[in-house]
Amino acid sequence: MLAYALRRLVLAIPLLIGITFVSFVVIHLAPGDPTQIITGGDPSLVHDPKLYQQLIQEYGLDKPLHVQYWNWLKRLLRLDFGKSFAPHARPVLTMIGERLPITLLLNVVEMLIILALAVPIGVLSATRQYSTFDKITTMFVFVGFATPDFWLALLLMILFGIQLGWLPISGLRSMNAEYLSFWQQQWDFLSHLALPILVATFGGLAGFSRYMRQSMLEVVRQDYIQSARAKGLAERVVIGKHALRNALLPIVTILGLSLPGLIGGSVIVESIFAIPGMGQLMVQAAFERDYPVLMGNLVVVSTLTLFANLLADLAYSFVDPRIRVGRRRR
Amino acid sequence: MRSFWKAFKRNKLALIGGVVVACLALLAVLAPAISPWDPNRPDVKRILEPPSGRHLFGTDQLGRDVLSRMLYGSQVSLAVGFVSVGIAATIGILLGAAAGYHGGLVDAATMRLVDLMLVFPRFFLLLAVLAFLKPSIWTIMTVIGFTGWMGVARLVRAEFLALKEREFVMWSQSTGASAFRIIWRHILPNAMGPVLVAMTLGIPAAILTESGLSFLGLGVQPPRATWGNILNEGKDAIELAWWLSVYPGLAILATVLSYNLLGEGIRDALDPRLRQSAGRVVSRGR
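First to last, the protein sequences are chains B and E.
Per my numbering, residue 1 is the first one in the first sequence, and the count goes up by one each step.
Per my numbering, residue 1001 is the first one in the second sequence, and the count goes up by one each step.
Treat the hints as calculated values from the structure; they're not laboratory data.
Don't take each hint at face value.
In silico BS3-like links for lysine-lysine, alpha-carbon gap of 30 Å or less [what the hints assert, rightly or not]:
id: 1; chain 1: B; residue 1: 83; chain 2: B; residue 2: 63
id: 2; chain 1: B; residue 1: 50; chain 2: B; residue 2: 135
id: 3; chain 1: E; residue 1: 1045; chain 2: E; residue 2: 1235
id: 4; chain 1: E; residue 1: 1134; chain 2: B; residue 2: 135
id: 5; chain 1: E; residue 1: 1235; chain 2: E; residue 2: 1134
id: 6; chain 1: B; residue 1: 50; chain 2: B; residue 2: 63
id: 7; chain 1: B; residue 1: 83; chain 2: B; residue 2: 135
id: 8; chain 1: E; residue 1: 1009; chain 2: B; residue 2: 135
id: 9; chain 1: B; residue 1: 74; chain 2: B; residue 2: 50
id: 10; chain 1: B; residue 1: 50; chain 2: E; residue 2: 1134
id: 11; chain 1: B; residue 1: 231; chain 2: B; residue 2: 241
id: 12; chain 1: E; residue 1: 1006; chain 2: B; residue 2: 135
id: 13; chain 1: B; residue 1: 83; chain 2: E; residue 2: 1006
id: 14; chain 1: B; residue 1: 63; chain 2: E; residue 2: 1012
id: 15; chain 1: B; residue 1: 74; chain 2: B; residue 2: 63
If you want a taste of the chain B side facing chain E, the calculated C-beta under 10 Å gives, among others [what the hints assert, rightly or not]:
id: 16; residue: 264
id: 17; residue: 286
id: 18; residue: 305
From the three backbone atoms N, C-alpha and C, an ideal C-beta is built for every residue, glycine too.
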């Protein structure tokens, strides 16, 4: 197990370097002089020779690209992500540090809810294939796949936020949160999270319940399920214990694979509901062409995804020892 | 081919999907002829009017007709869907074929590149690229295409790995045919089924991605109407005008749903075994 984990960890190193390379290249693909991009082509800035020189010096823009990349990489190793181009010029790492916990919280809660709902839905529709329940969930899956999350967010905002007035539609805290009691503050926080989490869960739920159904359908056809039934076990035990355990295996991998999608979804959810997380930071940085923030975000988010994938792989090999000895799953 | 049609026709949902897809394409092409109003003509006297006989889907903040803007917007969705999937499929086929046919180092390098690209949450990558490019429909198509080829590459590689061991390939290798000829004339045509399915399912994913980007304001820019940027305006008027938010979203939903039904129908009709393998969660347009 340890050897396998170490091997996977070593294999992740070229991917990590690749992440920094892609992030660097992507931002430097832009045509034209980077200083013009930084200053937004604002002549008052570009034509001030002193400021112009300062920018070039500070970011080493006069050096060839490979030197720029090398210098950036060296700073990354010291966890120095540079400073934002915004007037406040705060360190990128600090900005990410403030926002990462919120995005992680959203995604972890989202994942837990998805699993808690998708597993029973998938099992039920697989064991009752072609029943009314199965047909309804299949329909839900197709509609779930096709519903744009930002549109669902708008509809829910109109319904619960504006028409009914039950839930707040933006931010994480009310204006008067400081004056509330401790428990009221917690309730306030939760009610702000309700709609974003509902929206974020919806699309993923469709996919996962579909997978769970598929996985379960395959397992129930196996011989060992037949023999479990043959030896007279109750159907509840056959399904709930023998079949479920095996059907859950592929879900671990799919969890890892769908992580980039779930995290990417937080871009939309966070910017609609004005939640100060990584996604919202990314959108703001894209509008302001704040390239240290963009590069830093890209590196942090993809590195986290890489390690989460790794973790999913390890978890999978832990629950299913066949993987460790057999060929790598691709 | 005949057995394909027989299987496909039995699938009512897929048929409906196909008909809706065709109708939507027709509406997009005919948009200039059937739009009741000029999509970009403001009318200050009729700002944010609710749906009526005069404006079936109401008007927006500038008094423009929402229905006409949606009809023109469907052109954008259609174009983005087809062109970006075309780009993604071209890259995916080229890399996947090279990797699958040659194996060895080419294969290892290509597959590591696929792994690498899949580590990036797509929206983060898209935003980073779009921040520095002039936002236009062409940029959007290209960027969506260049960040969405990995699925096709994997698929084509897998098909090639299986097909290159078959007798007909070995036969043409023994006749001294060039690798280029074997790949294009012998293997690829046999690998196209799953690729076509992936492309059909890629179109709605690209449409969702484009509308999401336009909704954020980083996609196709106003005044050019797209479903995404009408929804963006809808968000600003969320307390005043539900029709700005409801109709364009329904259009996206219906379009994506029909393409998905059509794509899954084609897949099941081509080969029922494929049902088990396609990665749907991952291919969702984020």
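Evaluated hints:
Pair hint residue 83 (chain B) plus residue 63 (chain B) holds up; C-alpha atoms about 19 Å apart against a cutoff of 30 Å. At roughly 69 Å between alpha-carbon atoms, residue 50 (chain B) and residue 135 (chain B) are farther apart than 30 Å, so this suggested pair is violated. Between the alpha carbons of residue 1045 (chain E) and residue 1235 (chain E) the distance comes to roughly 22 Å, so the proposed pair stays at or under 30 Å and holds. Our distance criterion of 30 Å between C-alpha atoms is broken by residue 1134 (chain E) and residue 135 (chain B), whose separation comes to about 45 Å.
Between residue 1235 (chain E) and residue 1134 (chain E) the alpha-carbon distance is near 24 Å, which keeps this suggested pair within the 30 Å criterion. Distance restraint check for residue 50 (chain B) and residue 63 (chain B): the Cα-Cα separation of roughly 18 Å lies within the 30 Å cut-off, and the hinted pair is therefore satisfied. With a CA separation close to 53 Å, the supplied pair residue 83 (chain B) and residue 135 (chain B) exceeds the 30 Å bound. At roughly 20 Å between alpha-carbon atoms, residue 1009 (chain E) and residue 135 (chain B) fall within 30 Å of each other, so this suggested pair holds.
A distance of roughly 27 Å separates the Cα atoms of residue 74 (chain B) and residue 50 (chain B); the hinted pair therefore holds under the 30 Å criterion. A distance of roughly 28 Å separates the Cα atoms of residue 50 (chain B) and residue 1134 (chain E); the hinted pair therefore holds under the 30 Å criterion. Between residue 231 (chain B) and residue 241 (chain B) the alpha-carbon distance is near 15 Å, which keeps this suggested pair within the 30 Å criterion. With a C-alpha separation of about 23 Å, the suggested pair residue 1006 (chain E) and residue 135 (chain B) falls inside the 30 Å cut-off, and the hint holds.
For the proposed pair residue 83 (chain B) and residue 1006 (chain E), the alpha carbon gap of about 62 Å is over 30 Å, so the pair is violated. Note on residue 63 (chain B) and residue 1012 (chain E): the hinted pairing is violated, with a Cα-Cα distance of about 62 Å set against a maximum of 30 Å. Only pairs whose Cα atoms come within 30 Å are accepted, and residue 74 (chain B) paired with residue 63 (chain B) is accepted, the gap being roughly 15 Å. The closest approach between the C-beta of residue 264 (chain B) and any C-beta of chain E is roughly 3 Å, which is under the 10 Å cut-off, so the hint is satisfied.
At a threshold of 10 Å, the smallest CB-CB gap from residue 286 (chain B) to chain E is about 4 Å, leaving the interface hint in force. Taking 10 Å as the C-beta cut-off, the interface hint given for residue 305 (chain B) holds, the closest approach to chain E being about 5 Å.
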